[in-house]
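Undergrad: Here's the letter readout for the chains.
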Amino acid sequence: MLSPVLHRHCHLFLVTGRSEDSRGLGSFQDMARSISMEAAGLTLAFLILTFLTTSAASSTNQIQILNAERRIDLSSHIVKVFLTLKVENVMTAPASEIVLAFPPAQADHLALVKAQAAIGKKKKKSYVHLDVNPTELPDAPNGTKYFSISLLNPLSSGETATLEVLYILTHSLKPFPAEISQSESQLVYFRDSALILSPYHVKQQTTFLKTPSTKVESFTRVEPTKFAGRELKYGPYEDRPPYSFSPVTVHLENNSPFAVVEELLREVEISHWGNIQITEHYKLVHAGARHKGVFSRVEYQSRPSFSGTSSFKHLLASLPPRVHSVYYRDDIGNISSSHLRSDYRKSELEIEPRYPLFGGWKATFVIGYGLPLEDFLFESPDGKRYLNFSFGCPLAETVVDKLTIKVVLPEGSKDPSAAAPFPVEQRLETKYSYLDVVGRTVMVLEKKNVVPEHITPFQVYYTFKPIFMLAEPLMLASVFFLFFVACLAYLHNDLSIRK
Amino acid sequence: MGSKAAAITSPVPVTWYPTLAIFMLAIGLIVSASFFIYEATSSRRNRSLAKELTTGAVASFFLGFGSLFMLLASGVYV
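Residue numbers (our numbering), protein chains in the order written: chain A, 1 to 499; chain B, 500 to 577.
Where hints are given, some of them may not hold.
[Unchecked claim] Covered stretches of chain B (chain A as the covering partner; in silico rule of three or more C-beta atoms under 8 Å from a C-beta of chain A): (1) 517-526; (2) 570-576.
[As the list claims (entries may be wrong)] Which residues of chain A face chain B? A few of them, derived with a C-beta cut under 8 Å, are: (3) Ile119; (4) Lys123; (5) Trp273; (6) Gly274; (7) Gln277; (8) Ile278; (9) Ser380; (10) Leu476; (11) Ala477; (12) Val485.
Hint data in this document are derived by calculation from the structure and do not stem from the laboratory.
The beta-carbon is built from N, C-alpha and C at its ideal position, and this holds for glycine as well.
Kindly generate the complete structure, drawing on both the sequences and the hints.
TA: This is how it looks when you write it as structure tokens:
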């Protein structure tokens with residue numbers, strides 16, 4: 001795109017050059033003509049170049065980050081990064097979006113990117129949610145992935161704004177050593193950059209890493225670096241050009257439970273007779289350092305603080321209030337080691353699998369429960385019914401690699417549609433259940449890489465004529481009536497051989 | 500969401516399900532008993548098809564609804 005401009009510029013220079021040669025002949029008219037042509041050429045080139053720079057919407061020269069502070073929380077296996085950016089618009093044109101850059105390896109493990117803008121000062125501070133969408137820039141070095149934050153009001157020239165970004169990374173703590181025995185502690189690698197990767201010039205930046213314990217085996221030093229207690233500080237770094245990257249590796253101890261659900265299938269069956277039945281199929285795995293050697297139950301039970309420090313045996317599931325008929329079973333049968341505590345706001349189901357989970361060990365189980373219909377099914381103003389249910393996994397602090405939610409709508413439902421606050425894959429299926437003739441429509445929603453921050457309500461809309469509810473009892477009544485008619489037919493017909 | 504949306508409940512209160520099940524099944528069984536007694540006691544010439552069909556229809560109606568409420572009361576939300 002730049003080359004035709006350059007060609008035209010060179011052509012203009014060539015034209016003016018020829019006139020300059022003729023200047024030596026001393027003609028005053030020739031001199032005036034050459035100067036005006038040169039000026040015209042230069043202004044034309046300048047206009048074209050300024051047009052190009054302003055037309056590139058998120059040009060890296062337009063925004064400058066005055067101060068960037070990044071806090072990385074490594075306390076659990078889900079890495080939460082809080083980024084506070086103070087941006088300034090240094091060009092004349094207003095800026096309507098800010099672009100965040102991520103290295104390609106990190107972008108694959110990104111579960112969530114949220115941004116909000118701080119409005120007001122000190123006591124009257126309030127936060128406004130901003131939209132974040134993945135975007136692409138034409139000249140991305142080394143496969144950098146981008147997300148663009150849309151500002152509420154475009155940033156005018158010289159104006160500054162403060163943005164707070166939260167992004168969550170999963171599977172970013174790599175256990176090293178990859179295999180540990182029962183009595184060893186779990187150590188993991190965390191790889192990132194001391195300098196915040198950004199397409200803009202960063203004037204000042206600092207990165208803080210919060211570790212779960214004071215034990216850090218090693219960390220890369222990029223001066224100035226300071227490690228005290230549970231905090232590792234990289235920075236402050238001054239005046240770094242765009243796309244500056246300084247890889248660091250931190251080798252730390254992390255014994256928090258690395259509970260990962262490989263596959264979660266949640267089936268929500270709606271019955272207009274007053275109940276919503278939920279069945280959840282879990283494939284749970286411990287995604288930390290793999291367990292090697294023998295498992296000694298004696299050692300595990302006699303010295304709990306020394307043995308199995310990285311393992312976990314309890315899981316907490318947060319269920320809605322007024323839940324009934326909760327069951328917890330697997331392929332073998334019912335698992336009785338569970339406790340249900342409920343109050344008027346929430347119910348907590350604490351489950352204990354049949355064995356504690358060490359690195360690489362898996363557990364497959366089913367949790368099912370029923371909920372009252374009036375808590376979740378509503379009627380919208382345009383006559384459609386909708387289910388308002390929460391997306392995500394009820395288990396606390398777990399990452400779900402693949403989450404599938406199947407909403408089974410009652411027989412006779414038409415026009416199903418789903419609305420979720422983040423992108424999900426949708427499709428429709430049919431399921432044959434109790435007293436079904438044509439089958440029930442199933443709305444299937446799928447999402448990969450789900451974290452607890454995804455536990456937000458979603459809606460499934462459908463139309464249903466209440467008269468269809470009569471189909472079920474009338475079907476049963478007609479079966480009984482057919483029985484009576486058969487009795488009549490038998491009694492009225494004379495089947496005797498001899499009269 | 501602006502105003503509170505109307506919650507949809509079942510057409511029959513859920514707490515009535517066991518009571519309704521028992522009463523409707525009882526009535527249905529009584530009517531079907533009356534049907535079979537009529538069949539057993541009447542002779543071939545005195546039988547009235549209309550009476551048999553109506554008794555059968557009433558019995559099947561009550562038995563049908565009674566069995567639906569029995570299914571709902573026992574937790575099979577059809």
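Undergrad: Hint by hint, note whether the structure agrees.
TA: We went through each hint and held it up to the structure:
Figure legend: the segment 517-526 of chain B, annotated as covered by chain A; annotation inconsistent (0 residues with Cβ-Cβ distances under 8 Å, at least 3 required). Figure legend: the segment 570-576 of chain B, annotated as covered by chain A; annotation consistent (5 residues with Cβ-Cβ distances under 8 Å, at least 3 required). The interface hint given for A/Ile119 is violated, since its Cβ lies 23 Å from the closest Cβ of chain B, which is over the 8 Å cut-off. A least Cβ separation of about 29 Å between A/Lys123 and chain B goes past the 8 Å threshold, and the interface hint is therefore violated.
Here the hint on A/Trp273 is kept, as its CB sits about 5 Å from the closest CB of chain B, short of 8 Å. At its closest, the beta carbon of A/Gly274 sits 4 Å from a beta carbon of chain B; the interface hint therefore holds under the 8 Å criterion. Using the Cβ-Cβ criterion of 8 Å, the hint placing A/Gln277 at the interface with chain B is satisfied: the shortest such distance is roughly 6 Å. Restraint check, A/Ile278 versus chain B: the minimum CB separation of about 12 Å is more than 8 Å; hint violated.
Among the interface hints, the one on A/Ser380 holds; its C-beta lies about 6 Å from the nearest C-beta in chain B, closer than the 8 Å criterion. Look at A/Leu476: its Cβ gets to within about 4 Å of chain B, closer than 8 Å, so that hint holds up. The beta carbon of A/Ala477 comes within 3 Å of a beta carbon in chain B, closer than 8 Å, and the hint placing it at the interface holds. Taking 8 Å as the C-beta cut-off, the interface hint given for A/Val485 holds, the closest approach to chain B being about 7 Å.
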